[in-house]
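Generate coordinates for the entire structure from the input sequences, incorporating the hints supplied.
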Amino acid sequence: MTSNQIKEVSLKHFAKNGYEGASLAHIAEDVGIKKQSIYTHFKGKDELFLQLCRDASENEINYVINFLEINKARHIKEILYDFLLQSIERYEKKDSNKFWIRTGFFPPIHLNEIVMKMVYENLDRLEELLIPVIQKAIAEGEINSIIGEKSATAAFLGIYDGIIVEMLYGGPERLQKRLDASWYLYWRGLSL
1163 MTSNQIKEVS
1173 LKHFAKNGYE
1183 GASLAHIAED
1193 VGIKKQSIYT
1203 HFKGKDELFL
1213 QLCRDASENE
1223 INYVINFLEI
1233 NKARHIKEIL
1243 YDFLLQSIER
1253 YEKKDSNKFW
1263 IRTGFFPPIH
1273 LNEIVMKMVY
1283 ENLDRLEELL
1293 IPVIQKAIAE
1303 GEINSIIGEK
1313 SATAAFLGIY
1323 DGIIVEMLYG
1333 GPERLQKRLD
1343 ASWYLYWRGL
1353 SL
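Sequential numbering of the sequence shown, starting at 1163, is according to the numbering used here.
What the hints contain is simulated information worked out from the structure, not anything from laboratory work.
Because the structure is a prediction, the values reported are computed rather than measured.
Some hints here could point you the wrong way.
Claimed, not checked - The calculated BS3-like cross-link candidates involving lysine-lysine, where the alpha carbons are at most 30 angstroms apart (straight line), are:
| hint | residue 1 | residue 2 |
| --- | --- | --- |
| 1 | Lys1174 | Lys1339 |
| 2 | Lys1239 | Lys1298 |
| 3 | Lys1178 | Lys1239 |
| 4 | Lys1174 | Lys1312 |
| 5 | Lys1196 | Lys1169 |
| 6 | Lys1196 | Lys1239 |
| 7 | Lys1207 | Lys1197 |
| 8 | Lys1312 | Lys1239 |
| 9 | Lys1207 | Lys1169 |
| 10 | Lys1196 | Lys1178 |
| 11 | Lys1178 | Lys1234 |
| 12 | Lys1239 | Lys1256 |
| 13 | Lys1255 | Lys1169 |
| 14 | Lys1207 | Lys1255 |
| 15 | Lys1339 | Lys1255 |
Said to hold, decoys possible - Derived CB-CB ranges, DEER-like:
| hint | residue 1 | residue 2 | range |
| --- | --- | --- | --- |
| 16 | Ile1227 | Tyr1282 | 42 to 48 angstroms |
| 17 | Arg1350 | Glu1302 | 16 to 22 angstroms |
| 18 | Leu1319 | Glu1240 | 16 to 22 angstroms |
| 19 | Ser1185 | Thr1164 | 39 to 45 angstroms |
| 20 | Gly1303 | Thr1202 | 54 to 60 angstroms |
Note that beta-carbon positions come from the ideal geometry of N, C-alpha and C, so glycine has one too.
What follows is the structure in structure tokens.
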């Protein structure tokens, strides 16, 4: 038994039930250990949860770096739209992504300050990664240069935020409606 096994099982519990709904006793049971054995690897639920937050944040940034590298030769319209589509798919299929998004919207009250610092650092890093991609697209004439890379990136992240809200609250139909309308207007504004 390793701390990685505990983290893997814990991630599923926290992603599904949130901090308050996840039980160390249930996590231990699913790992096949006694609850006390968790304390060999983690001081408690808070330490375990915060480690999962750090891991999930790092995973998300690594995903974005890889995504942008793999797609760097594509047209900016395809890169950005595919990023949104893959964000939806990752939320549905990846416990780490689901945990990270849920935690960003519903951090435990007593850990709010620590968690939100991580969330904002993650969002700032995401913005830093996207700005040069949009800047390159402007330089190559793929989008209107009058808008500017910072505004175009901020608006794109607004769409991304809207998609996340609908993933959490709205369901598939509302999500698709939000995506279609937001993307249409965003792209139309960039390409004029």
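Results for each hint:
no.: 1; hint: Lys1174 <-> Lys1339; result: holds, 29 angstroms
no.: 2; hint: Lys1239 <-> Lys1298; result: holds, 12 angstroms
no.: 3; hint: Lys1178 <-> Lys1239; result: violated, 33 angstroms
no.: 4; hint: Lys1174 <-> Lys1312; result: violated, 36 angstroms
no.: 5; hint: Lys1196 <-> Lys1169; result: holds, 15 angstroms
no.: 6; hint: Lys1196 <-> Lys1239; result: violated, 51 angstroms
no.: 7; hint: Lys1207 <-> Lys1197; result: holds, 11 angstroms
no.: 8; hint: Lys1312 <-> Lys1239; result: holds, 16 angstroms
no.: 9; hint: Lys1207 <-> Lys1169; result: holds, 11 angstroms
no.: 10; hint: Lys1196 <-> Lys1178; result: holds, 21 angstroms
no.: 11; hint: Lys1178 <-> Lys1234; result: violated, 34 angstroms
no.: 12; hint: Lys1239 <-> Lys1256; result: holds, 25 angstroms
no.: 13; hint: Lys1255 <-> Lys1169; result: holds, 17 angstroms
no.: 14; hint: Lys1207 <-> Lys1255; result: holds, 25 angstroms
no.: 15; hint: Lys1339 <-> Lys1255; result: holds, 21 angstroms
no.: 16; hint: Ile1227 <-> Tyr1282: 42 to 48 angstroms; result: violated, 19 angstroms
no.: 17; hint: Arg1350 <-> Glu1302: 16 to 22 angstroms; result: holds, 19 angstroms
no.: 18; hint: Leu1319 <-> Glu1240: 16 to 22 angstroms; result: holds, 18 angstroms
no.: 19; hint: Ser1185 <-> Thr1164: 39 to 45 angstroms; result: violated, 20 angstroms
no.: 20; hint: Gly1303 <-> Thr1202: 54 to 60 angstroms; result: holds, 59 angstroms
Going down the numbered hints, you'll see the structure goes against 3, 4, 6, 11, 16, 19, while the others check out.
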